[in-house]
Amino acid sequence: MSARARRGAALAWLPVLLAAATGAAAQDSDSPDGLGWRDGRPTLTAFDGNFTASPVLRLDADAVSFFGQSRPGGFRSGANLRRGRVGVEGEALGALEYSFIWDFGGGDPNDWSSIYEAQVAYTGLGWGAIRLGAFKLQHLPEFSGSSFDLPFLERATISNLAASVASGDTRVALGLEARGERWNGSLYVTNGVLSTRNDGRQRGVAGRLAALVVDRPEAQIQLGLNGAWRFETGGDGAGFGDYPELRVDTRQFLDTGTLRADATHAVGPEVTARLGPLVVEAVWQRLGVDAPAGGGARRFDGWYVQGIHPLLGPGRRRSALTGTWARPAVPEPLDLAAGRFGALELAGRYSTADLRDGSTRGGRQRIWTAALNWFPRRDLRITAQYADGTIDLDGRDRDFRAVGLRIAFNL
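The sequence shown maps to residues -26 to -1, 1 to 385 in mature numbering (1 follows the signal peptide of the UniProt record, and there is no 0).
Some hints here could point you the wrong way.
Stated by the list, open to error - DEER-style ranges, computed between Cβ atoms:
#, residue 1, residue 2, range
1, 21, 88, 28 to 38 Å
2, 199, 155, 14 to 24 Å
3, 171, 313, 22 to 32 Å
4, 243, 62, 51 to 61 Å
5, 81, 286, 25 to 35 Å
Hints are computed from structural coordinates only; laboratory data are not their basis. Glycine included, each C-beta is placed from N, C-alpha and C at the ideal position.
Based on the sequences and whatever the hints tell you, model everything.
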């Protein structure tokens, strides 16, 4: 086992210990200045309430075992500190938000540490915010809300592929995030990814528009459109590739390699429906690589559909801030004697991504996933997941199965 894997395994129970420690002390304070508790977090307030600072702490410890692989040299089992974020965030002068976060984990097990977020936002508009810095853009449903709300260990592959065009995590950008009671919109001009070396020459735009067209107690339906365009690739080419929706191994078999490109784009619709307690979401994206004259353009696509149903406790509810369905609300911590068991939900997903077009044979990936999520309290989550996947590689197809476990803490 690698040093990174041993570290991830050793930290697996740290989120539970932190949750217990913070739960004993959490209580709100009405003091305008000083150190107190706000929304379950220690918060420093100063200058007659015109400045606040709260610590950010996020730990996701993963363990995954692959089995049933049809070929040797496949994915390797292991453990990973998927997220190990430490930082500070707060407000200033009543109309500014700021955050600075460092991540000691990462999506690649070889990642050791890098900046995750450094941004400031003007919120005085009332109906939205102007945001500048390096942050996670509200471009796709799975990137618009918190990753702590995701029903699976990882986002669907097509979301990662589309976000790699001009959005995703730690993207340097300037943008407007607007919202109403039944709609959300965002538009950004973007640069490279701050944590990626020599990525600053990229130029692009990305955005999302979603509207809640049906809003009734028994049902909600939201329709949306997402798009991204990188009109300066910042290098000699561009390409698409992703992991098998699990992040404990560095190997990627779904991969186009680097393609000659003048520009890349991703565009497609989204639909989310809540039918009683059941939440169903579907996203389709068309990916494109525009090559230099005579080079031949490439077109790829992918989609996913997923469903989430509560088994115990409250179900998911729509967040007007992000236009996504957030994790179940757990107002009181776990107390078995008092009959409080938190929230338990079952989730299922089918996802596919096809990176084959002409002479480009990046493969086609199809994965069935089932997950059980338990939220014993608002800041603690435990997820058990099973995946069954196939990667078509023109005669070198690979089948795999995997079971995964995550313990996550979000202060």
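| query | At the C-beta level, are residue 199 and residue 155 separated by a distance inside 14 to 24 Å? | reply | Holds: the Cβ-Cβ distance is about 19 Å, inside 14 to 24 Å.
| request: Look at the Cβ atoms of residue 243 and residue 62 and judge whether their distance stays inside 51 to 61 Å. | output: This hint is violated: roughly 37 Å between Cβ atoms.
| task | Indicate whether the distance between the beta carbons of residue 21 and residue 88 respects the range 28 to 38 Å. | result | Since the Cβ atoms of residue 21 and residue 88 sit about 32 Å apart, the hinted range of 28 to 38 Å holds.
| task | With respect to the beta-carbon atoms only, verify the hint that residue 81 and residue 286 lie 25 to 35 Å apart. | result | 31 Å, holds
| Taking the beta carbons of residue 171 and residue 313, is their distance inside 22 to 32 Å? | 53 Å, violated
The earlier numbered hints that this structure contradicts are 3 and 4.
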